[in-house]
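2 protein chains.
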Amino acid sequence: MDLDGVAKAFVDHYYTTFDTNRATLVGLYKEDSMLSFEGDKYKGAANITAKLTSLPFASCKHQITTVDCQPSGPAGGMLVFVSGALQVAEGEHPLKFSQMFHLMPAGPGNFYVQNDMFRLNYG
Amino acid sequence: MDLDGVAKAFVDHYYTTFDTNRATLVGLYKEDSMLSFEGDKYKGAANITAKLTSLPFASCKHQITTVDCQPSGPAGGMLVFVSGALQVAEGEHPLKFSQMFHLMPAGPGNFYVQNDMFRLNYG
Chain A
1 MDLDGVAKAF VDHYYTTFDT NRATLVGLYK EDSMLSFEGD KYKGAANITA
51 KLTSLPFASC KHQITTVDCQ PSGPAGGMLV FVSGALQVAE GEHPLKFSQM
101 FHLMPAGPGN FYVQNDMFRL NYG
Chain B
1 MDLDGVAKAF VDHYYTTFDT NRATLVGLYK EDSMLSFEGD KYKGAANITA
51 KLTSLPFASC KHQITTVDCQ PSGPAGGMLV FVSGALQVAE GEHPLKFSQM
101 FHLMPAGPGN FYVQNDMFRL NYG
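Note that the protein sequences, when read in sequence, are chains A and B.
Numbering of the first sequence is given in my numbering, commencing with residue 1 and proceeding in unit increments.
Numbering of the second sequence is given in my numbering, commencing with residue 1 and proceeding in unit increments.
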């Protein structure tokens with residue numbers, strides 16, 4: 001498996017979905033999925049999606065700077081580590097962020113997000 | 001197990017060791033450990049330690065801003081996600097960084113670093 005290719009495809013898909021229709025991110029999470037968002041913790045696809053869709057901006061745009069990935073172990077998972085910038089309103093200064101995902105297999109060629117940790121990197 | 005407590009203890013130990021005697025970090029890695037450092041990949045405790053000890057600064061000081069952690073799955077691992085600043089010489093401007101570790105059990109109460117990904121967050 002080309003891990004770097006899978007990681008890049010996931011990252012493209014995740015942030016494009018986030019920026020166009022956040023509610024549909026629910027399909028990437030499962031009941032055992034965990035999100036840490038600026039230190040607050042959420043568990044399960046429904047709670048995670050509720051948090052993401054309640055963020056106080058109507059539209060946003062992620063720009064990705066770096067994507068790193070490594071296999072996470074014998075269970076076939078992969079770790080994806082992202083840095084980038086997030087613009088939450090036209091004309092606003094982009095906010096730098098870092099995010100890591102632990103993707104686990106969900107059937108042939110498919111992954112779901114088991115772990116998700118997000119932090120803004122304040123200047 | 002108090003995951004947050006273990007994560008904080010690991011982070012304190014890791015960066016104190018990094019800032020005082022980088023070569024002894026070798027004991028935290030094993031042969032299957034992986035490091036991605038600014039996009040370059042290293043595998044195994046010896047190669048990882050060779051990279052860390054060859055970084056072009058004699059002394060450094062990490063300041064930690066945030067530590068997040070989550071369990072990584074049934075194998076008993078944990079994901080630790082760190083942000084902070086790194087000062088590589090007296091009087092220099094600190095560099096912001098993000099780093100993630102995947103810790104796996106290595107005997108009762110012990111963990112080793114299976115995955116390590118480091119990125120500077122350029123302003």
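FYI, nobody ran anything at the bench for these hints, they're computed from the structure.
Warning: the hint list may mix true and false statements.
The list makes no distinction among identical chains, and a pair is therefore deemed to hold if it is satisfied within one copy or across any two copies.
Unchecked claim - Taking lysine-lysine pairs in the DSS-like style, the calculated list, with each CA pair at most 27 Å apart, reads:
{"#": "1", "residue 1": "Lys61", "residue 2": "Lys51"}
{"#": "2", "residue 1": "Lys51", "residue 2": "Lys8"}
{"#": "3", "residue 1": "Lys61", "residue 2": "Lys41"}
query = Where does the structure disagree with the numbered hints, that is, which hint numbers, in rising order?
reply = Violated hints: none at all, because every hint is consistent with the structure.
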